[in-house]
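J.: Residues per chain are reported as follows:
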Amino acid sequence: MAKSDAEARHGFALECRAVSFRLPSGAALVSDLNLKIEYGETLVLLGRSGSGKTTTLKLINRLLEPTEGEIFITGRPGSAWDPIELRRGIGYVIQDAGLFPHWSVERNVALVPELERWPEDRIRTRVREMLELVGLPPPQFAARRPSELSGGQKQRVGVARALAADPPILLMDEPFGALDPVTRADLQKEFRALALRLHKTIVFVTHDLREALYLGTRIALLAEGRLVGTYAPEEFLKAPETEARAFAASLHTGAGAEDA
Amino acid sequence: MNWYDFLLRYHGEILERSAEHIVLVAASMAIALAIGLPLGIALVRRRTLQRWVLGAANVVQTIPSLALFGFLIPVPWIGGVGASTAIVALALYALLPILRNTCTGIAGVDPSVIESARGMGMTPRQVLWQVQLPLAAPVMLAGIRVATVISIGVTTIAAAIGAGGLGVFIFRGVAMVNNQVILAGAIPAALLAIVADLGLGIVQRSLANR
Numbered sequence: 291m292a293k294s295d296a297e298a299r300h301g302f303a304l305e306c307r308a309v310s311f312r313l314p315s316g317a318a319l320v321s322d323l324n325l326k327i328e329y330g331e332t333l334v335l336l337g338r339s340g341s342g343k344t345t346t347l348k349l350i351n352r353l354l355e356p357t358e359g360e361i362f363i364t365g366r367p368g369s370a371w372d373p374i375e376l377r378r379g380i381g382y383v384i385q386d387a388g389l390f391p392h393w394s395v396e397r398n399v400a401l402v403p404e405l406e407r408w409p410e411d412r413i414r415t416r417v418r419e420m421l422e423l424v425g426l427p428p429p430q431f432a433a434r435r436p437s438e439l440s441g442g443q444k445q446r447v448g449v450a451r452a453l454a455a456d457p458p459i460l461l462m463d464e465p466f467g468a469l470d471p472v473t474r475a476d477l478q479k480e481f482r483a484l485a486l487r488l489h490k491t492i493v494f495v496t497h498d499l500r501e502a503l504y505l506g507t508r509i510a511l512l513a514e515g516r517l518v519g520t521y522a523p524e525e526f527l528k529a530p531e532t533e534a535r536a537f538a539a540s541l542h543t544g545a546g547a548e549d550a
Numbered sequence: 036m037n038w039y040d041f042l043l044r045y046h047g048e049i050l051e052r053s054a055e056h057i058v059l060v061a062a063s064m065a066i067a068l069a070i071g072l073p074l075g076i077a078l079v080r081r082r083t084l085q086r087w088v089l090g091a092a093n094v095v096q097t098i099p100s101l102a103l104f105g106f107l108i109p110v111p112w113i114g115g116v117g118a119s120t121a122i123v124a125l126a127l128y129a130l131l132p133i134l135r136n137t138c139t140g141i142a143g144v145d146p147s148v149i150e151s152a153r154g155m156g157m158t159p160r161q162v163l164w165q166v167q168l169p170l171a172a173p174v175m176l177a178g179i180r181v182a183t184v185i186s187i188g189v190t191t192i193a194a195a196i197g198a199g200g201l202g203v204f205i206f207r208g209v210a211m212v213n214n215q216v217i218l219a220g221a222i223p224a225a226l227l228a229i230v231a232d233l234g235l236g237i238v239q240r241s242l243a244n245r
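Chains C and A supply the protein sequences, listed in that same order. For the first sequence, the working numbering assigns the number 291 to the initial residue and increments by one for each residue that follows. For the second sequence, the working numbering assigns the number 36 to the initial residue and increments by one for each residue that follows.
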C-alpha cells in the first residue's frame with residue numbers, strides 16, 4: 291500500500307492535521323483534530339457516545355470526507371488516494387461485524403483478496419490461515435453461514451476478514467462492544483496477543499476504559515468532537531483533565547463499558 | 036349441455052384462450068420488470084423522487100381496470116383496440132408492486148452490512164450487485180409474485196377491448212347468461228393464478244433460505 295514514497299515510512303502511519311467534520315446543518319462532529327499515529331502502535335480512541343470516535347474512524351477510510359483539514363495515510367494525503375484502493379489497504383471491523391449473511395464464513399473472509407483478484411489457491415490458503423489465526427478451525431467453520439455463529443464467533447470472522455489481505459492499518463469500531471463480558475474478555479486477550487504479533491497499525495474505538503487500558507499502546511481521549519489529550523496507558527489514571535478523571539472514576543463504579 | 040360434451044366441444048378454444056392469456060401476462064410482466072427493476076434500483080437513493088414515482092404508480096393502481104383499458108384506446112401509438120393496448124395497461128398495473136418491493140427490499144438491507152461492504156473497499160456497483168440485490172431478492176420476488184397474480188386476474192378484463200384471453204369466455208357467458216361458459220374462462224384463469232403463485236412462492240422461499 292505504501293507505494294514508492296520513501297519518506298512515508300519515516301513519517302507516521304496516520305496523521306490528522308486540523309481535521310474537522312461538520313454536518314450540513316453546521317454541527318461539528320469532529321473539531322480541529324490533530325493526531326499522529328506511529329507505525330505499529332495500537333491507538334485507542336476513547337470517548338463517550340457522540341464524542342466523534344466513530345466519525346474519526348470513518349474519516350480515515352474516507353467513508354466520510356473531512357470538511358476541513360487533511361488526513362495523511364502512510365504519508366500520502368487522503369484526498370490523493372483513490373477511496374476504493376485506500377479502503378482495501380485498511381482493515382475495518384465494526385460492532386455488528388457486518389458479515390454478509392448470504393455468504394459462507396469462507397467467502398466472507400475471502401472478500402478483499404477476491405476484490406483484489408488474488409489467484410484462487412492463494413485465496414483458499416490465506417482464508418484457512420486466517421480462520422486458524424482467529425481460533426475458528428476451518429473444517430468446522432469455513433462452510434457455515436454467519437447466522438450459524440455466536441456473537442463472539444462473528445467478531446472473530448470479522449477480524450479474519452479485516453486481516454485477510456494483510457493491510458498495514460486496521461480500524462476497529464467497538465468490535466467487542468456487543469459481546470457478553472466473558473466472551474469479550476476472551477477476545478480482548480486473544481486480540482492483544484494477535485496485535486503484538488502482527489505489528490499492524492491499529493486504531494481502536496471504544497468507550498470502555500478498561501478495554502482501552504488493556505489494548506492500547508496509547509490512548510487518545512475525545513470529548514464533544516475535540517481531542518482532550520493523548521496518554522500512555524499508565525499515565526491515564528493520573529491525568530488531570532476533567533474528562534479523563536470522569537472516565538477514571540467510572541472504573542470504580544463497575545459501569546465500565548456501559549457508560550452510554 | 037353436460038360438462039363432458041361442453042369440454043369436447045370447447046377444449047380447443049379453452050387451450051387457445053389460455054395461451055393468449057399467458058402471452059398477455061408474460062408480455063406485460065416482461066415490460067413491467069424491464070421498467071420496474073431498474074427504476075426501483077435507481078430510486079433507492081433518491082428519496083423525494085421515489086415518493087413521487089411510487090405515488091404516481093399508486094394512483095394508476097386505483098384506476099378501475101376497465102376504465103384504464105378504455106382510457107388507453109384513444110392514445111396514439113400504444114392505443115387502439117387489441118392486445119397491445121391491453122399489454123400497456125397490464126404493465127402499468129404490475130409496475131407498483133415491483134417498484135415498491137424493489138425500493139423497500141433494498142432499503143431493508145442491514146446498514147451495518149452495507150457499511151462494512153463499503154469500508155472493505157467494494158465499489159458502489161459491487162455493493163449493489165453482490166450485497167444489496169441478493170439480500171433484497173426475496174422481497175423483490177414477493178412483489179413480482181403479487182404483480183403476476185394481479186396481472187392474471189386483470190387480464191380477464193382485457194377481452195373487453197378485444198385483446199383475447201380467457202376473459203372472452205367470461206364476457207360471452209355473461210352475455211349468453213350461461214354459467215358454464217363463464218366458468219370455462221374463470222376456472223382456467225384461477226388455476227393459472229394458483230400455479231403462478233405457488234411456483235413463485237417456491238422460488239421466493241429458496242431465495243430466502245440461501
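Think of the hints as simulated: they come from the structure by calculation, not from any bench. Positions of the beta carbon are idealized from the N, C-alpha and C atoms, including for glycine. Mixed in with the good hints there might be a few duds.
What the hints assert, rightly or not - Think about it this way: if two alpha-carbon atoms lie no more than 20 Å apart in a straight line, the pair counts; the simulated DMTMM-like pairs of lysine to aspartate or glutamate are:
| hint | chain 1 | residue 1 | chain 2 | residue 2 |
| --- | --- | --- | --- | --- |
| 1 | C | Lys444 | A | Glu150 |
| 2 | C | Lys490 | C | Glu331 |
| 3 | C | Lys444 | A | Asp145 |
Stated by the list, open to error - Just a few of them, taken from the derived set where beta-carbon distance is under 8 Å, the chain A residues facing chain C:
| hint | residue |
| --- | --- |
| 4 | Gly90 |
| 5 | Asn93 |
| 6 | Gln96 |
| 7 | Ser147 |
| 8 | Arg153 |
| 9 | Gly154 |
| 10 | Met155 |
| 11 | Gly156 |
| 12 | Met157 |
| 13 | Val166 |
| 14 | Leu168 |
Said to hold, decoys possible - If you want the ones that stay clear, here's a sample from chain C, every Cβ over 12 Å from chain A, calculated:
| hint | residue |
| --- | --- |
| 15 | Leu405 |
| 16 | Asp411 |
| 17 | Arg414 |
| 18 | Glu419 |
| 19 | Gly448 |
| 20 | Arg487 |
| 21 | Gly519 |
| 22 | Pro530 |
| 23 | Ala539 |
J.: Give a verdict on every hint.
T.: Going through the hints against the structure:
1. Under the criterion of a C-alpha separation no larger than 20 Å, the hint pairing C:Lys444 with A:Glu150 is consistent with the structure, at around 16 Å.
2. Pair hint C:Lys490 plus C:Glu331 holds up; C-alpha atoms about 7 Å apart against a cutoff of 20 Å.
3. With a C-alpha separation of about 15 Å, the suggested pair C:Lys444 and A:Asp145 falls inside the 20 Å cut-off, and the hint holds.
4. With a cut of 8 Å, the hint placing A:Gly90 at the interface with chain C is violated, because the nearest CB-to-CB distance is about 26 Å.
5. Hint status for A:Asn93 relative to chain C: violated, with the closest Cβ pair at about 31 Å, above 8 Å.
6. With a least beta-carbon distance of about 31 Å to chain C, the hint placing A:Gln96 at the interface is violated under the 8 Å criterion.
7. With a least beta-carbon distance of about 4 Å to chain C, the hint placing A:Ser147 at the interface is held under the 8 Å criterion.
8. Proximity of A:Arg153 to chain C holds as hinted, the smallest CB-CB distance being about 6 Å (cut-off 8 Å).
9. Checking A:Gly154 against chain C: minimum C-beta separation of about 4 Å stays under 8 Å; hint holds.
10. For A:Met155, the interface hint holds, since its Cβ comes within 8 Å of a Cβ in chain C; the closest pair sits about 6 Å apart.
11. The closest approach between the C-beta of A:Gly156 and any C-beta of chain C is roughly 4 Å, which is under the 8 Å cut-off, so the hint is satisfied.
12. Annotation: interface hint on A:Met157 holds; nearest CB of chain C at approximately 7 Å, less than 8 Å.
13. Interface restraint check for A:Val166: the shortest CB-CB distance to chain C comes to about 6 Å, inside 8 Å, so the restraint holds.
14. Nearest Cβ of chain C to the Cβ of A:Leu168: about 10 Å, over the 8 Å cut. The hint is violated.
15. Against chain A, the non-interface label of C:Leu405 is violated: not every CB pair exceeds 12 Å, the least being about 6 Å.
16. At roughly 22 Å, the least C-beta separation between C:Asp411 and chain A is larger than 12 Å, which holds for a residue marked as non-interface.
17. Distance check for C:Arg414 against chain A: the nearest CB is about 19 Å away, which clears 12 Å, and the non-interface claim stands.
18. Every Cβ of chain A is farther than 12 Å from the Cβ of C:Glu419; the closest lies at roughly 18 Å, confirming the non-interface assignment.
19. With a closest Cβ-Cβ approach of about 8 Å to chain A, C:Gly448 is found to fall inside the 12 Å limit, against its non-interface label.
20. Remark: the non-interface label on C:Arg487 is consistent with the geometry, its nearest Cβ contact in chain A lying 23 Å away (cut-off 12 Å).
21. Non-interface call for C:Gly519 relative to chain A: holds, since the shortest CB-CB distance, roughly 28 Å, exceeds 12 Å.
22. With 12 Å as the threshold on Cβ separation, the claim that C:Pro530 sits away from chain A holds: the shortest Cβ distance comes to roughly 36 Å.
23. Annotated as non-interface, C:Ala539 keeps its C-beta farther than 12 Å from every C-beta of chain A; the closest such distance is 32 Å.
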